[in-house]
Amino acid sequence: MKARDVALLSLKDTLEVLRSGDVSRSEILNSYYSRVQKLAKPLNVFITPPDLAALTDGSVSLPEAQQSTDEPALADSPDASSKRPLKKSEAQGTKRPGEASSGQLFGIPVSFKDNWLVKDTRTTAGSRVLENFIAPYTATAAERLLREGAVVWGKTNMDAWGHGSSGENSDFGPTLNPWDTRYTPGGSSSGSAVAVAADLTLVATGTDTGGSIRLPAAYTGVVGIKPTYGRVSRYGIVAMASSTDSIGHLTKTVWDAAYVLSITAGRDKYDATTSDKPVPAYHEGLRQFDPSSLKVGVISEFMGEGIDEDVLSATEKAISKLKEASAQVVEVSIPETRFGIEMYYILMSAEVASNLARYDGVRYGRDRTYFGMEAKRRIMLGTYVLSDVIPGKGLETTYAKVAMGRTLLVEAFKRAFEKVDVLITPVAPTLPFKLGELIDDPLKMYMGDLLTVPVSIAGLPALVVPTGTAKNEEGVLFPAAVQIIGPWFREDLLFKVGAFLEDLSVHQILREKLDKEFGL
Amino acid sequence: MTLIDLLEQLSKLRLKSDEKALLKKQLPEIIEYVSRIKSLKTEGVKPTFHTSTGSVSLRSDTIKRDRRLRLNGKYFNISTKQKDYFIVDKVL
Numbered sequence: 002m003k004a005r006d007v008a009l010l011s012l013k014d015t016l017e018v019l020r021s022g023d024v025s026r027s028e029i030l031n032s033y034y035s036r037v038q039k040l041a042k043p044l045n046v047f048i049t050p051p052d053l054a055a056l057t058d059g060s061v062s063l064p065e066a067q068q069s070t071d072e073p074a075l076a077d078s079p080d081a082s083s084k085r086p087l088k089k090s091e092a093q094g095t096k097r098p099g100e101a102s103s104g105q106l107f108g109i110p111v112s113f114k115d116n117w118l119v120k121d122t123r124t125t126a127g128s129r130v131l132e133n134f135i136a137p138y139t140a141t142a143a144e145r146l147l148r149e150g151a152v153v154w155g156k157t158n159m160d161a162w163g164h165g166s167s168g169e170n171s172d173f174g175p176t177l178n179p180w181d182t183r184y185t186p187g188g189s190s191s192g193s194a195v196a197v198a199a200d201l202t203l204v205a206t207g208t209d210t211g212g213s214i215r216l217p218a219a220y221t222g223v224v225g226i227k228p229t230y231g232r233v234s235r236y237g238i239v240a241m242a243s244s245t246d247s248i249g250h251l252t253k254t255v256w257d258a259a260y261v262l263s264i265t266a267g268r269d270k271y272d273a274t275t276s277d278k279p280v281p282a283y284h285e286g287l288r289q290f291d292p293s294s295l296k297v298g299v300i301s302e303f304m305g306e307g308i309d310e311d312v313l314s315a316t317e318k319a320i321s322k323l324k325e326a327s328a329q330v331v332e333v334s335i336p337e338t339r340f341g342i343e344m345y346y347i348l349m350s351a352e353v354a355s356n357l358a359r360y361d362g363v364r365y366g367r368d369r370t371y372f373g374m375e376a377k378r379r380i381m382l383g384t385y386v387l388s389d390v391i392p393g394k395g396l397e398t399t400y401a402k403v404a405m406g407r408t409l410l411v412e413a414f415k416r417a418f419e420k421v422d423v424l425i426t427p428v429a430p431t432l433p434f435k436l437g438e439l440i441d442d443p444l445k446m447y448m449g450d451l452l453t454v455p456v457s458i459a460g461l462p463a464l465v466v467p468t469g470t471a472k473n474e475e476g477v478l479f480p481a482a483v484q485i486i487g488p489w490f491r492e493d494l495l496f497k498v499g500a501f502l503e504d505l506s507v508h509q510i511l512r513e514k515l516d517k518e519f520g521l
Numbered sequence: 728m729t730l731i732d733l734l735e736q737l738s739k740l741r742l743k744s745d746e747k748a749l750l751k752k753q754l755p756e757i758i759e760y761v762s763r764i765k766s767l768k769t770e771g772v773k774p775t776f777h778t779s780t781g782s783v784s785l786r787s788d789t790i791k792r793d794r795r796l797r798l799n800g801k802y803f804n805i806s807t808k809q810k811d812y813f814i815v816d817k818v819l
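If you're matching them up, the sequences are chains W and C in order. Its first residue numbered 2, the first sequence is counted upward by one per residue in our numbering. Its first residue numbered 728, the second sequence is counted upward by one per residue in our numbering.
Same shape as in the complex, but just chain W:
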C-alpha cells in the first residue's frame, strides 16, 4: 500500500491493516500529517493544528502496541473497557494525551472539536474570550477515547460557542467547504466535518445542540451521529444549551461511527443526566441487517413547503432504496414540529444566556467585551425570553410555555414510534449556501435548522449518512444526505439502517477533486 493511500482508509480498514502488520502507527500519522500540511490551512480546519513533532519528540515514530503489565488486557467489549480504572499516571495527570500504550484506538488520530476539554491543551470554543484558556482537566468522552490509545490530532474550528449553522461565526475565521470553497461546510462542527471529509483525520468529535453535527456532516458528505440526550457524557464540554447538548462525532463510514460510540457512550458520575442503560457493541452485525421487516416513517411536514426540490429528490431516492428492499414506508404527520424553530430558539437562547453568564473575565480568560456578535445576539434574546411574562398567566414566562410545548412534541414522537421503527427526513432545507449569503440575516440563517431542531428538543438520536450527490442551481456538485431518526436509545437501529443507505462513493468523488486541485 502506498503511504499516501493510508489516510484514505476508513477506521475499520485502518484497524485491519494495523492488526495485519501491513502498516505501522507512525506510517498512519505521517500519511495524515502530509495531508494536513497541504489542506488544513487553505480550508481553515484547525484552531490548534496537530503537532506531529510534539507527539513523537521529533523522531516521527511512535511506540508500537505492547501488552501493558500493570493492568488486565482490554476486554473485547468497549463498554467493559470504558469502566477500566485509570492508571496511576493517568489519574495524576502525568500521562499526556496520546501516550496510552494499547487499546482499541491505539495510534488512531482523533481530532477534537475545540469545545472539548483536553487537559493541558488550549480550548477556545471558537471564541476570543477563551483564546488563551488552558483546559485544567479532560472531558469524560475524550478521556474514554484517550484511554483506548487515541492520539490527540488537533482541535478543530467551530462557530464560537457552537452558535451557528455555517461555521462563519468562528472568531478564528470560517472553515471552507472542500466540495467548493465558496460555500459553507455547515456548522457548528465545521472543522470536524471538513477534517474527516478531506481525510485530515480518521475521527473527529462534535457536539450537537440543534443540528451542529448533522448539518456539517450533510454539507460535506460524511457520517454524523447525534446520540440520544444522556447517552454520552457532557462533562468537560463547554456548555451551550444544557437541556439539548448532545455529544457525538463525525466519521468516514457508519461502521466507524458505531465503533466510536461504543467507546464514548455510558454512564458518567460527573454528568447526572447520563443514562445507565447498557452500551451495546453498536458496530457488530451491521452488514447483516435485512430491511424487509423495517417500518419507515416519512414526516409529511418535512417533505413539502420550504424544502428545495433537489433536497427532496435526494431524500426520495433513499426512501426508494428502502422500498426496493421491501421495507414498509408510511407517511407520518407530526404537526408539533411546525413550532420547532420557535421552541428551539427560545429554549436555546435562554440556556445560552444562563451558561455564558459565567464568563466574567475572572475565571476563564477575557471579559465579556470579547464575545462575538452572534453570542451577544443570543444572550440578549435569552435574557428577553427569561423575563418575558405572558399576560394573564401570573409569572409564566415564554420559556415555561415552551417547556409545555416540548411535552407535546415528545408525546407526538412517542406516538410516531408506536407506528414505525425509524423516521427518514432530509437534513437541511437546502444544499450548502455560499459564505456570507445569510450572515446578515440571522432569522433566515436560523431557518436552516428547521429539520434538525425538533429532534434536539425531544432528545432523540439521529444519524446523518451520505446517500449520493446533487447539483445546486449553479451546477455545483454537493453530497446529498438523509437524517435517520430513531426512538430514544435506539442508536443500534440507526446504524443498521445507515449502513444500508450509505453511499461510500461520495467520499471518493471528493478525494479525486482534492487530488486535482491540491496536487495530492
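FYI, nobody ran anything at the bench for these hints, they're computed from the structure. Quick caveat: nothing in here was measured; it's all calculated off a predicted structure. Be aware that one or more of the hints could be misleading.
Listed next, the in silico BS3-like pairs over lysine-lysine satisfying Cα-Cα at most 25 Å (straight line) [claimed, not checked]:
#, chain 1, residue 1, chain 2, residue 2
1, W, Lys-270, C, Lys-791
2, C, Lys-808, C, Lys-739
3, W, Lys-415, C, Lys-765
4, C, Lys-773, W, Lys-445
5, W, Lys-445, C, Lys-765
6, C, Lys-808, W, Lys-120
7, W, Lys-415, C, Lys-768
8, W, Lys-415, C, Lys-773
9, W, Lys-120, C, Lys-791
Since chain W is already given, all that's left is putting chain C on it; use the hints.
Then chain C, alone, in the frame of chain W:
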C-alpha cells in the same frame, strides 16, 4: 430606557454603537417570530425541562484535589491578579 438598553444591562454586556443599532433592528424581528409559540395550546400540559431518562447519576460531594483550580497554577486562567488575590470589576 429602551428594551435594548435594558437587555444590555441585564446581560452584563457592553455593546458598541454599531452593534446596538444592528440589534435594535434584528432583535424585534426575531422576538416577533419566536413569539408565535404563544399561539400553541398548552392548557393543562405539564412542562418538560429535559429528556433524561432512568436513574440520576450521582457522586459523593467531596473535593477532588487534582481537579481544584489553583490561583497561581497555570490552570487558573485569570488575567488580573495581585499577590494571592484576583481582581474583579467594581460591582457597586
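So, going through the hints one by one against the coordinates:
Restraint check for Lys-270 (chain W) and Lys-791 (chain C): the C-alpha separation of about 13 Å stays at or below 25 Å, so the hint holds. With a C-alpha separation of about 22 Å, the suggested pairing of Lys-808 (chain C) with Lys-739 (chain C) holds against the 25 Å cut-off. In summary, the hint linking Lys-415 (chain W) to Lys-765 (chain C) is supported, as the alpha carbons are separated by about 23 Å, within the 25 Å threshold. The straight-line distance between the Cα atoms of Lys-773 (chain C) and Lys-445 (chain W) is roughly 31 Å, outside the 25 Å bound, and the hint therefore fails.
Straight-line distance between C-alpha atoms of Lys-445 (chain W) and Lys-765 (chain C) comes to about 21 Å, which keeps the hinted pair within the 25 Å bound. Taken as a hint, the Lys-808 (chain C) and Lys-120 (chain W) pair is honoured in the structure, with Cα atoms around 23 Å apart against an allowance of 25 Å. For the hint pairing Lys-415 (chain W) with Lys-768 (chain C), the CA-to-CA distance comes to about 19 Å; that is within 25 Å, so the pair holds. Our distance criterion of 25 Å between C-alpha atoms is met by Lys-415 (chain W) and Lys-773 (chain C), whose separation comes to about 16 Å.
About 16 Å separates the Cα atoms of Lys-120 (chain W) and Lys-791 (chain C), which keeps this hinted pair within 25 Å; it holds.
In summary, the structure is inconsistent with hint 4 from the numbered list given earlier, while agreeing with all the others.
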